[in-house]
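Given the coordinates of chain C, assemble chain H onto it according to the supplied hints.
One line per chain: the protein sequences are C and H, in this order.
Residue numbering for the first sequence is 1 to 336, as defined by our numbering.
Residue numbering for the second sequence is 1 to 516, as defined by our numbering.
In short, the hints are calculated from the structure, not lab data.
Note that the structure is a prediction, hence the values are computed from the model and not measured.
Subject to a maximum C-alpha distance of 27 angstroms in a straight line, what follows is the list of computed DSS-like cross-link-like pairs (lysine-lysine): (1) H/95 with H/25; (2) C/274 with H/115; (3) H/227 with H/80; (4) C/274 with H/25; (5) H/115 with C/311.
Just some of the chain C residues that point at chain H, by a computed CB distance under 8 angstroms: (6) 213; (7) 219; (8) 221; (9) 267.
Glycine included, C-beta positions come from ideal geometry on N, C-alpha and C.
So the chains spell out like this:
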Amino acid sequence: MTFPKHFRYRCPKHKKKVVPTFCAFILALVGICLPNLLSGQTPSDALMMRSKNVCVLFSYDMGTFDRYWEGSYLRSNQTVATVDRNTIMPMAAIGILDDLNFYISLPYVSTESSEPNGGKFTGARGFQDIGFAVKYRAIQTALGSGKLTALATAGFSTPFTNYLSDYRPYSIGSGAPEFSLRGIGQYQWNNGFYVRAALAHLWRGYTEAERDYYYNNGSYYTAWMDIPNAWTYEGILGKWFFNTSLKLELSYFSLNSTSGDDIRAYNAAQPTNKVESDRIGLSAQYFFKSIKGLGIVAYHNRVVDGRNTPKLSNTGFGITYQFNVIKKQTDEKDAQ
Amino acid sequence: MKKMRNKIITLVLALGLAIFVSCEKDTPRYLPYEGYSFTELNENGGDWTPVLEDSGASITVDAPDATDSQAYQDELADMKQAMANMTSEQKKAVKYWTNNPAIRWNEIALELIAKYNLIPGPNADGTYTLPNPANPEGPPAFPFAHPPYACRALAYMSVAQFDGLITAWHYKYEYNRAAPYQLDEDIDYAYEENDIPSYPSDGAVIARASRKILTAMFPLEAEYLQKLEEENLESLLLSGGYVTSDIDAGLVIGDAVSATGLARAANDGMKNAQTPKAVSDSIKQAAYDRFGWAWDNLEIPVRPVGLTPLFGKVTMWSIADVESVRPIAPPQLDSQEFLDDVQLLKDYARNMTDEHRRIANFWQDGLGTYTPPGHWNRIANEIIVEHQLNPLQTTRTLAYMNMAIMDSGISCWDAKYYYHYPRPIQMIENFETIAGTPNFPSYTSGHSVFSAAASEVLAYIFPDEAAKVRGWAEEAAISRVYGGIHWSFDAFVGTDQGREVAQYTIDRAKADGADN
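If we strip away everything but chain C, and leave its shape as in the complex, we get (with noise of 0.2 angstroms):
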């Protein structure tokens, strides 16, 4: 067994073909394109898309909480009772280069309070933010018995409606442009487990209110709400099985704002907000043998800390397809 170094990395098993295992970087997504949205979902991973090959995905994701932190105070708040907040999200990436592979995405989220609850809000609804990134596979070699990478991601998103995300808790995102940068590290035994690390900031802008005061440790006599930047680190152990049919994963991922208040005394959330999160979450990505390009992928995360953010619980499921947009098989010699 000895293929291309690039070659072996990518399809352990299956040289010659493009796997559908190449759509299993679609969850680094949510991660890249949408931290506003459940603090980041996944896990951004290390794996690269080849030029010319669109990967798309469809996911539904049921996120629920009936407590959240009022700063540092875990509270149950039965004018708001237990919020639901489900997500449509479509995204697609495209190979570029082989080393550099970029996606989109434009989530559609719903947000409404279970019954009985005591404040009688209607929920939101309504496309969220669309986010561009771009994934830039910097290193890529042989170390020891396995493979070491490194990546960089760059990702912007900004409102695409004009919902209002001082609507909290039923508001469906923080309203904002975001701009973020992510270094990702991973290493690779050939045995299939893998560990994988990530940095990221985010630098936030700012969002309209419709109201043109609030307090926020003071006064401010403006509509513009400044959101918090925040770092993010996460930190993932996975393994390939069944031929790298099967992908698990393990996650930890946690936001830290650099700023902000806190919510105060049974009030409101707002997007001034300092928010703090700690987050386990668990994955699973099968591709199919059968259909060439499709995979299905499953997924539940679980915040177990945090400040001025709900504590939430979410699950999803999606199905991703991968194809090449140009017809004629791609020379993998020819790549590098």
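Chain H only, in chain C's frame:
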């Protein structure tokens, strides 16, 4: 290939950073005005009729030392020395406080209202604990600065300021001691120069009266307010406008007018406004017996008592009998008018437009904000600065506006608990709203009444702004219907009610001597 990659990456990074750098927004913490020249001096302002004091002469202020006395010359020298040694912090403070600090103290009041406008949440056992002035730390902290509390705090502060400045004007023009910068050419006054005498200092009256009233209203903020007062007083000296004895004379007035105001506040009935459950239940039962309906709190757990059921019994400023301005009864629950309104609210909710949502949110002024009375003070502050009112005119405007707002609130609460009319979420099955339904009956709408009253006083003081502010008041009123928490007749009748109630205060203003 490599070159192209680098280009793409550089482009993406540059674009991203450019977007963020160019998006820095100005987020002002207070009205961005600086000292300005006053359009009038109101030399006869000392003859105007105060609200609570008998006259501008009823507080005694001793005659000052003559400007050619050694005592005054020493004060002048001290002041000049202090000005020569100003730190950059002190310079910033002088700029911040301006020559019309009544606006700043109004903003401080709004900030404290927003800070304390938090409704107490339930305890673990489902009970609610109310803020207690005897134990202000709580939890919950005292006060809960809801709209009735807010409008009352603003009224007492503004009235004390106005009475204090009438007194100050009286002695300014009685003693005619000129400003330091007019006596000594070396002194560079921080603001636009004018011919208003400096003894007693109007700014010191404002600082002391405001600090004392606000400390009584927000006892946990005593230290914060003390610091602000000190900074304001120091800035008066450092502006070059007032020597220490000018300031001290102002403090005498500030102490006296705030004492008068707080004496009234102690016995105006507010302390009984939040009733025990038994009283609240009997008020509800009386309405049910009279009309066949009653408002219910629908929160979980249920709040046992609505907000300040007896605020309607608080002593009004300009009306002797609250029942004399009580509006007509709302529609019967089986009337066509009521059924039409149910349909209207359902239609608004079903077809929520961007414009309706914007209006509902813009005027919502709900929990955690400065409340509708606060919103109208903010509007007044902006118009006052735009029209370059002097401090006396400023406090006259704010005093009458806040008296009218408080009177209108008292009248509104009288109607709310007399009629005890249900809210839309109580009467329309599965009805959901974009605004929070408050803990008190529906009829009439507080926003409508407060806003109509405020806009009428502003229309009287600023005739050129009349159409604009009345339009805003109507928008604030209908915003509650768009928000799904008020019937349209709550808003329409409430607007008429606010206008009618405000007229009593406007009539009083027309007779105070300023209008001649």
